[in-house]
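Heads up: the sequence lines are chains A and B, in that order.
Be aware that the first sequence starts at 1, since it is given in this note's numbering, and climbs by one per residue.
Be aware that the second sequence starts at 1001, since it is given in this note's numbering, and climbs by one per residue.
It is worth saying that the hints were derived from the structure and are not from the lab.
One should not assume that every hint holds.
Claimed, not checked - Which chain B residues face chain A? A few, computed with CB under 7 Å, are given here:
{"hint": "1", "residue": "L1140"}
{"hint": "2", "residue": "I1262"}
{"hint": "3", "residue": "V1263"}
Unchecked claim - Heads up, incomplete: computed chain B residues facing chain A, CB under 8 Å, no partners named:
{"hint": "4", "residue": "R1012"}
{"hint": "5", "residue": "L1058"}
{"hint": "6", "residue": "P1141"}
Stated by the list, open to error - Simulated restraints, written as ranges between beta carbons of each label pair:
{"hint": "7", "chain 1": "A", "residue 1": "Y158", "chain 2": "B", "residue 2": "N1065", "range": "26 to 34 Å"}
{"hint": "8", "chain 1": "B", "residue 1": "D1145", "chain 2": "A", "residue 2": "G93", "range": "46 to 54 Å"}
{"hint": "9", "chain 1": "B", "residue 1": "G1149", "chain 2": "A", "residue 2": "D369", "range": "33 to 41 Å"}
{"hint": "10", "chain 1": "A", "residue 1": "D184", "chain 2": "B", "residue 2": "A1409", "range": "29 to 37 Å"}
{"hint": "11", "chain 1": "A", "residue 1": "V232", "chain 2": "B", "residue 2": "D1197", "range": "46 to 54 Å"}
{"hint": "12", "chain 1": "A", "residue 1": "P345", "chain 2": "B", "residue 2": "D1145", "range": "31 to 39 Å"}
{"hint": "13", "chain 1": "B", "residue 1": "L1014", "chain 2": "A", "residue 2": "A36", "range": "48 to 56 Å"}
Virtual Cβ for every residue (Gly too), placed ideally from N, Cα, C.
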Amino acid sequence: MKAWDAIVIGGGHNGLVNACYLQRAGLDVLVVEKNAWVGGAATSRELTPGFLYSNCSYVCSLFRPEIMRDLELPRFGLQVISYEGGAVFTRDGDYLANYRDHDAHRREFARFSRRDAEAYDRYARDVTRQCRFIQPLLMRTAPDPTSFRPRDIGELLYLGRKFAGLSPEEMALTLRFWTMSISDFLDEYFETDVIKANFALSGIIGTALGPMSPGTAYVLLHHYMGEVDGSVGAWGYARGGMGAVTKALAASFQASGGTIRTGAEVDHVMVRHGKARGVVLAGGEEISGKLVVSNADVKRTFLKLVEEKELPDIFLRRVRNFKIRGSSGKVNIALDSLPEFPTLPKDSPVYRGDMHFTDSVERMERAYDDWKAGQWSADPFLDMMIPTTLDPTMASPGKHFMSCFVQYAPPKVNGRDWTDADRDGFAESVISQIAEYSPGFRDRIIHMEVRTPREIEAEVGLTEGNIFQGELTFDQLLFNRPVPGYAQYRSPVGGLYMCGSSTHPGGGVMGAPGRNAATEILRDLAKPKQHMSPAHDVI
Amino acid sequence: MTRQLNINPSARTLAQSHFRTLRLGTPFQPRIDALAKTNDWYNWAGYRAPHSLWDEELEYFAIRNQAALFDISPMTKYRIEGPDAEAFLNRVTLRDVTKLKARRVHYTAWCDDEGFVLDDGTLFRLSPTRFRLCSQERHLPWLLDSAKGFDVTVEEETEAVAGLALQGPTAFAVLREAGFAGVENLKVFDLADFPHDSSPQGNSQVTISRTGFTGDLGYELFVPSEQALSLWDRLMAAGELRGIRAIGYTALNRARLEAGLIVANSDFVTSEHAIRADRLRMPDEIGLGFMVDLEKGHFNGRRAILEARARRKLRHVLVGLEIEGNIPAEHAIVYYRKSQEVGLISAATWSPMAKRNIAIASLARSFGDTIVDDLWVEIYAMRELQYQKLMKRAKVVPRPFIRLDRRTANPPADF
């Protein structure tokens, strides 16, 4: 029987990034994917004729440019297009827009508060300073503070030096920033509800926390540290939907000789004498591999794919306690025509950006209260976009695909599993919110896909449908992600590695976990890494 | 915790359409557009401002030979008023505001609590209890937060007030010709109100100060925005026989450099914009140490400045340089003994008035401070797609680079 050099479980973006780097290092790599398509949570799917849906992730910024370059993704069709602006609609019939132009941005804020308009520069400065602290850490393996290996000590020193390079004020701000709530953070700069709500949304997306929960300021940073071609903090659409990312990765992988098997769900990882030997598929087929890399989240990997007896008790306990909580859902809609928002001028660039209806931090927190009570939010927070306003490839002219990211959606409804009726109720909470601001919206709907945590877990495999494979709170970052002592992509099982978003530096379509894991694997195999370009300088 | 929206919804909704015009025109824009032969614009704080209007070289000579009209409306302006306005500004800014008499202006700066410069600007004392603060950057949150506990109101009035700089040897003659009776009494840094009757009510006023950014005889004029065009026309008509010309920023920048004046976020980075911690500057590090008044009581940044002085933590110094030859050394690196990198030139030009190659540079102390010999600049002059690399000797010289008697002469020369 053929023994692959490496088997990657899961064809999500991180699995594919990992597989690409390993294949290009000369390994013979197999990617096994349970679905009939690759992509994981970065997919473009034609769920109704003529419409491509970015049906999970929907925008791109975090994906590392070094990876796009190394793996020649533009050659395989990847283009990320910056989009302009966005808005929060207010209940009094106005909206607060975000414009790319600095002065337009200030004038827009000044419509609501001249003071807050002029506070933006200091806010942007402080967030940028924090981003610059984090960015160089993204493409490095986190040090293990309990180890005395020279490499770990060196990395700890690197972290220490970076920290020591900050002024005392910045150190204090950094420590606070990593632990405080986004609401408290914003209170230090702004005093207008809608302006705070406008920024707070980046602190809660994908997180089972409310804007007033400690730790959410860091989540905001996680959404700011990406870039589109050097424009830091910018977000864009992947041309052809988010599936374009994984489609290009799969093509790059196959072009370098890699093999992908779809429709191949892994039942478990074969472990003999404490070492991974391959995988067994759901149908019973055994595939041998010298090493196994799991793109699945840490819970799925170690609670479902590996037998308990192979794992140390404390590791298992920590995996069980790792927070991967379902908090969000998705409503994807095919539209017969562009929805109208009477508040919004027809020539507004806001149509091409992200739109929201939650105009106060308080409302956001109340939406979270429903989640805590085990219900979906009666007044949900939406991150709504219409990528077809920019991307001509996802629907025919005049038709539109609308992506609605919805928060909050609990993993279980009142302690029981989601039912179809629950799902419909969840969808109705979304549609009725949009329809309130966009008369005739319902009549434009051609087709709709509703995804609660139940659907996302069932199809994509993300535990509880958590988009980050684990929350981005300080206790689950850096050398604590996913489990202290196992933050360097290795696991207690020899030859079994992790490469998903459960690992450092975390979730989003970033690719960094996949690449960092490849670095560690190639280090263990003493293989050259010339094909991995160094992380871009942050100067 | 949360403030009510301070703008009524209907006015707010009306303002939505601003997104269609990313670069606003100033109140003078119709006149400037009519004169803009080069169509050479830049973005000044969200306004469409001219780099040049017809010829940047000749525009410069208009400043030094005739009278040049430059639109300063985009400058950020705050109206600060109330019984505690003086005490408040004394707390916020570096200089002693109690020494600033009514109807006088002074150049000042203000710092954050760590003593780093937030901005520099001019403070106009319009009356005992009313001030106008003009600056490059915006500071409303800083001013409002600092105003807590003072009986004072702070309002941004950038759009409401239009401003013009009228600079050059015939500037006084132009104003006199325009009928501003008594303007001859204005000494440098004086200001006064003069009638300007174009409104139906006929009681509008223009505030004229003998100030400017050129080191030359000159005035700055402020009017309510709706009076802007009539003021422009009045000056242009009166100045026709005095050689008045409208100019753009390139010419002004050359004049200000000769005058040794610095520009925020060009010659230093303001603290609310400095992303890199080592770019922050204390007043002593950008040549503004003279403003720091330790006798007047507490002001923002005082403790930090005192400590930095006592513990010799001042790491930079801003100096004027005179450089061999005539090739401007813009953004050149400054070396000690031709090898050790010690600083950067932020602005440089050939000075027609001094007939010298001048520059403003920031150096790492003690270079430029105690070590002033053996400094060199490396100039990369692009000539027909090749760099001509020049290593030229630089001498630290006092600013301003030129002193014109006509700037301060009383009465001002009338020609």
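Hint check for A36 (chain A) and L1014 (chain B) - Cβ pair distance inside 48 to 56 Å
holds (54 Å)
Chain A contact restraint for I1262 (chain B) - C-beta distance below 7 Å
violated (20 Å)
Does the closest beta carbon of chain A sit nearer than 7 Å to the beta carbon of L1140 (chain B)?
holds (4 Å)
Kindly confirm whether 33 to 41 Å is satisfied by the beta carbon distance between G1149 (chain B) and D369 (chain A).
holds (37 Å)
Is it true that D184 (chain A) and A1409 (chain B) lie within 29 to 37 Å of each other by Cβ?
For D184 (chain A) and A1409 (chain B) the Cβ distance comes to about 58 Å; the hint is violated.
Within 46 to 54 Å or not, the Cβ separation of D1145 (chain B) and G93 (chain A)?
This hint is violated: roughly 31 Å between Cβ atoms.
Range first: 26 to 34 Å. Now tell me if the beta carbons of Y158 (chain A) and N1065 (chain B) are that far apart.
The hint (26 to 34 Å, Cβ to Cβ) is violated, given that Y158 (chain A) and N1065 (chain B) are roughly 60 Å apart.
Restraint satisfaction for L1058 (chain B) [CB to CB of chain A, less than 8 Å]
violated (30 Å)
I want to verify a distance hint. Is the separation of the beta carbons of V232 (chain A) and D1197 (chain B) within 46 to 54 Å?
holds (53 Å)
Quick one, is the R1012 (chain B) hint okay against chain A at 8 Å, beta carbons?
holds (5 Å)
Hint validity - V1263 (chain B) Cβ closer than 7 Å to any chain A Cβ:
Constraint on V1263 (chain B) not satisfied, violated at 17 Å.
Using the nearest Cβ pair, does P1141 (chain B) come within less than 8 Å of chain A?
holds (4 Å)
The structure does not agree with the numbered hints 2, 3, 5, 7, 8, 10 stated previously, though it agrees with the rest.
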